[in-house]
Amino acid sequence: MKRSITRLLMAPSVILLLVWMIIPLSMTIYFSTIRYNLLYPGQNNFVGLMNFEFFITDPGFIPAVANTLILLLSVLIITVVLGVILSALIDKPFFGQGIVRVLLISPFFIMPTVNALIWKNMMMNPVYGIFAWISNSLGFEPIDWLSSYPLMSVIIMVSWQWLPFAILVFVTALQSQDTEQKEAAQMDGATGFHIFRYLTIPHLARPIAVVVMIETIFLLAVFAEIFVSTGGGPGYDSTNLAYLIYNQALLQYDVGVASAGGLFAVLLANIVAFFLIRAVGKNLTV
Amino acid sequence: MTLNQQRKLKTIMTGLFAWTIALVLFFPIFWMFITSFKTELQAISVPPALFFEPTLDNFRVVQERSDYIHHALNSVITSFGATILALIIAIPAAYSMAFFPGKRTKDILLWMLSTKMLPAVGVLVPIYILCRDYGLLDSRTALIIIFTLMNLPIVVWMLFSYFKDLPKEILEAARMDGATPWDEVVKVVLPLSVGAISSTALLSIVLCWNEAFWSLNLTASEAAPLTAMIASYSSPEGLFWAKLSAASTLACAPIVIFGWFCQKQLVQGLTFGAVK
Chain A
361 MKRSITRLLM APSVILLLVW MIIPLSMTIY FSTIRYNLLY PGQNNFVGLM
411 NFEFFITDPG FIPAVANTLI LLLSVLIITV VLGVILSALI DKPFFGQGIV
461 RVLLISPFFI MPTVNALIWK NMMMNPVYGI FAWISNSLGF EPIDWLSSYP
511 LMSVIIMVSW QWLPFAILVF VTALQSQDTE QKEAAQMDGA TGFHIFRYLT
561 IPHLARPIAV VVMIETIFLL AVFAEIFVST GGGPGYDSTN LAYLIYNQAL
611 LQYDVGVASA GGLFAVLLAN IVAFFLIRAV GKNLTV
Chain B
359 MTLNQQRKLK TIMTGLFAWT IALVLFFPIF WMFITSFKTE LQAISVPPAL
409 FFEPTLDNFR VVQERSDYIH HALNSVITSF GATILALIIA IPAAYSMAFF
459 PGKRTKDILL WMLSTKMLPA VGVLVPIYIL CRDYGLLDSR TALIIIFTLM
509 NLPIVVWMLF SYFKDLPKEI LEAARMDGAT PWDEVVKVVL PLSVGAISST
559 ALLSIVLCWN EAFWSLNLTA SEAAPLTAMI ASYSSPEGLF WAKLSAASTL
609 ACAPIVIFGW FCQKQLVQGL TFGAVK
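The listed protein sequences correspond, in order, to chains A and B.
Everything in the first sequence is counted per this note's numbering, starting at 361 for the first residue and increasing by one.
Everything in the second sequence is counted per this note's numbering, starting at 359 for the first residue and increasing by one.
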């Protein structure tokens with residue numbers, strides 16, 4: 361087939377994605393350099409880098425960047441470490457495997473807004489929640505999770521959603537592991553830990569890279585869980601960049617500052633993506 | 359203990375362990391489900407009530423208060439609409455990249471993936487303003503367009519990784535028999551990739567159904583899908599946990615059950631075929 365036809369077939373996808381990237385992004389860049397508040401229409405003069413200055417000196421800025429990174433790293437570590445350990449432990453035939461698989465993956469299909477509501481109310485409520493009941497039964501003071509440990513609460517919610525995904529990916533990958541190799545190692549006197557360390561972990565390198573990449577895409581953009589559960593608070597304790605920008609744009613109507621913030625979020629994502637796409641690009645065969 | 363007994367014990371331990379993890383992770387969903395059949399008083403009773411007389415009242419109230427059917431329809435229309443559109447745009451691209459790869463194919467694919475890295479908040483303001491100016495705020499059209507573009511990179515990737523694994527010899531044989539490029543696609547490639555296309559579609563539907571950033575920011579009532587309807591229950595107007603649970607159960611049930619049937623393909627798909 362001719363080059364021109366293959367190009368023609370790719371064109372719609374490539375052009376649409378280019379447009380989807382370039383038009384809004386250039387608008388964001390433009391808005392970030394003018395004064396633009398939806399409450400004061402008509403005063404859109406050029407202000408240079410003032411919006412960036414406002415955004416960066418906003419009291420919420422440093423907490424938001426820190427929270428974004430803490431959230432990303434915590435959930436990545438929890439899901440990958442627990443995911444690898446748990447999947448290695450259950451990677452043997454047992455009774456009711458099919459049902460366990462179905463139960464395990466379920467949290468992944470729960471929509472973020474429902475996820476946040478279940479945890480906020482029925483699990484973490486300091487009076488009527490399941491956690492409060494457990495602490496009371498064990499003789500401890502119940503914890504008010506959302507106001508005492510807001511960021512950790514969000515981390516728990518998000519990890520609950522992504523741990524099943526990690527486990528299932530790793531379990532699926534482990535099924536293709538060479539059992540003969542494992543048996544040979546056992547014959548030579550390798551302990552369970554040695555097998556795990558020198559055979560299982562290297563076998564999982566690629567799936568881990570993929571899980572990290574997919575999760576990063578979604579974790580940098582966590583929004584609904586915060587929106588529904590803590591509303592970014594108390595103070596800025598659980599505000600991430602996505603929530604801070606939403607707050608500037610749609611609650612304070614300051615389009616200029618929100619756009620500056622948006623550009624900053626893009627920059628941060630690009631820094632993360634630069635390393636990630638390179639690492640994963642090596643791991644994916646095209 | 360004999361070796362056989364040891365092995366049996368190991369199997370039982372593994373089973374017990376796996377079941378424990380699965381039940382712990384599933385518990386919040388189970389709890390939401392049974393709470394939806396309780397009265398409001400039972401829902402907040404301490405200690406938590408496990409046995410009670412189930413009632414269907416909550417479901418009736420949810421339908422009356424927030425018109426579940428209307429929002430469910432919005433979810434169905436936006437997820438299926440966006441998925442069909444994305445497939446129509448992505449299939450030709452994935453086909454040409456998989457069967458006629460050029461020097462730049464890998465770069466184009468990675469570039470597409472990198473557009474997914476662009477955080478939605480970075481373009482929230484312009485998209486919001488564009489929608490406002492074109493009268494698309496709170497419209498299903500806006501959501502369909504955005505969902506399509508949002509999932510396009512993943513859809514192209516998934517289809518590409520499936521197409522790449524199709525045996526090229528079949529295509530060559532078809533060509534020898536005088537098939538035109540059009541015949542090749544319609545009579546050979548598409549029938550061979552029904553499974554691939556349907557699992558890609560499933561994944562796209564799940565992602566659209568659960569999408570919450572754009573639906574919360576761009577819709578109010580008319581076009582609000584289930585994700586946005588549920589968020590309206592977060593307002594602290596009292597502890598209506600039973601009704602909240604009923605609404606949540608209704609919102610999640612279709613996609614969770616759907617997910618149970620195709621979890622294997624979904625995992626494979628989301629990892630771009632890197633895990634089989």
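Check the hints yourself; a few may be wrong.
What the hints assert, rightly or not - Calculated pairs, DSSO-like style, for lysine-lysine (alpha carbon to alpha carbon, straight line, at most 30 Å):
{"no.": "1", "chain 1": "A", "residue 1": "542", "chain 2": "B", "residue 2": "622"}
{"no.": "2", "chain 1": "A", "residue 1": "452", "chain 2": "B", "residue 2": "366"}
{"no.": "3", "chain 1": "B", "residue 1": "368", "chain 2": "A", "residue 2": "452"}
{"no.": "4", "chain 1": "A", "residue 1": "542", "chain 2": "B", "residue 2": "464"}
Hints were generated in silico from the structure; no laboratory data involved.
Broken hints, by number: Hint 4 is the one this structure does not satisfy, whereas the remaining hints hold.
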